[in-house]
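A.B. asks: One-letter residues, chain by chain:
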Amino acid sequence: MDGVIALTGWSPGAGVLFLAANGTAYPPAGGRRRQPVERPYPGPGRPDMTDTAAADLAELLHLVAGADRAAFRRLYEAQVARLYGVALRITRQPALAADAVHDALLQVWNHAARFDVARGNAQTWLLTLVRYRALDIVRRRAREAPEQAIPEPIDESPDPLQRLAGSRDAMALHRCLEQLQEDRRRLVTLAFVEGLSHSEAADRVGLPLGTVKSAIRRSLRSLRTCLESGP
Amino acid sequence: MSDLPPDLSPGTEPDDADLLAGEYALGTLDVATMASVRRRAATDPALAAAIAVWERRLAPLADAVPPVAPPPGLWRRLEQSIAVPPAPANNPAQPSPWRSVRVWQGTTATALALAATFAAVAFLPGPRAPMQFAALCTPGAAAAAPGYMAKAMPDGTLVVAAVAAGPVPAGREMELWMLPPGANRPASLGMLPAAGRRITVASMPANGTQLLISLEPLGGSPSGAPTGPVVYAGMLVAA
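Here the protein sequences come in this chain order: A and B.
Just so you know, my numbering puts 83 at position 83 of the first sequence, and the rest follows in order with no gaps.
Just so you know, my numbering puts 1060 at position 60 of the second sequence, and the rest follows in order with no gaps.
This is chain A alone, in the form it adopts within the complex (with noise of 0.2 Å):
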């Protein structure tokens, strides 16, 4: 199986970060189809974040890529918290979710080196390891009864959303989302954060699968041609 590239992560503004067999990191540059709206990005998503925070993670992570352990350990307690949230809501039981950021900060540890600081928001790349690890684990298992409570569901009312203001990218996916139809805008929050597959979210919801299918490509089309067109 040499020569087997696996997806392994994100490389920001410059697409998925692959680590090819030989190691090298291989960043897909020039192939995209549809040019995103470039632009710095202003920070992480989080309000309370801040860009001193985003340049902390990136120096951290510059300093793990070294083996510098007490460097992780310091990135485990400034990430930890948001990333076992984002992974015990997908999985719903506490010990699988600490699988999945177990797993992902092992990547994290191991391949460091690969994650372009000068290009990255190393906070998304955290967040996209653990979310698909997650997901991973959750699909290949049948789902179970939590073993214990779990954080109440997303409060989805009055606006989830109103969470979102903070960076830019998170303003701009604010506005575009309140500019679909409730029901799409509330399925595609659920989708992403419970991680729920298009027959989990038909489920969910009530619907038929083709038309939870065809209501989410909808919603992704309308929020990648409001998110071109920027504000």
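Source of the hints: derived by calculation from the structure; they are not laboratory data.
For every residue, glycine included, the Cβ atom is placed at its ideal position computed from N, Cα and C.
Careful, some of the hints might be misleading.
[What the hints assert, rightly or not] Covered by chain B, per the in silico footprint, the following chain A stretches (three or more residues, Cβ under 8 Å):
1) 64 to 73
2) 100 to 114
3) 188 to 195
4) 220 to 229
[As the list claims (entries may be wrong)] Chain A is nowhere near these chain B residues, computed Cβ spacing over 10 Å in every case:
5) M1131
6) G1140
7) A1141
8) M1153
9) P1154
10) V1159
11) A1161
12) A1164
13) P1181
14) N1184
15) A1238
16) A1239
Once you've looked at the hints, dock chain B against the given chain A.
C.D. replies: Coordinates of chain B only, in the frame set by chain A:
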């Protein structure tokens, strides 16, 4: 690429490919389609770039999720996982189809004997005593020493510990699989750090369940089934 879903077949409209990238980043695709997209993206820079753009677009949605404190043992577990330095690059992987039961059949008798010994000497009976053991050996290897030992505990945890494991080739990671008796497709139990790990399983595995450790690309098998050689295998037997 004949296993690709219609969405990925040649001649697909760019718009459809971009929306598929969006669905991938959103996370709504089923396992098989997710794996197909991942494989396709590995050789299609345009698709990979489209996925990255969607990941960035959708990432702020995660801010709607409140942070949750992780279980207290998580850092310690992670610390143990990073304690083992990456193995040097050597031992190029040989293709070894996991479906061929014969490759590890020969080690079963040894594994049974070792597991019985391990059970007898290492654990006393009691409520915390393991229910099942497995010695995971290198398929086809003459040496009897297992690379990993596994024990299934009554509380639904499976502990896999390194005994005499060899190095993992650079650019690869080990993934642990469970193949219950009668099943024809192993289920992933996640990545396996060289030192081993503790895993929560849904229920006590059936007696005779095979545990397999395969070498996979970084991040795990892209297909949901073992793609690399099975480097260790063993059968869980009652203690």
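A.B. asks: Starting from the hint list further up, note which numbers the structure goes against and sort them upward.
C.D. replies: Of the numbered hints given earlier, the structure breaks none, since each of them holds.
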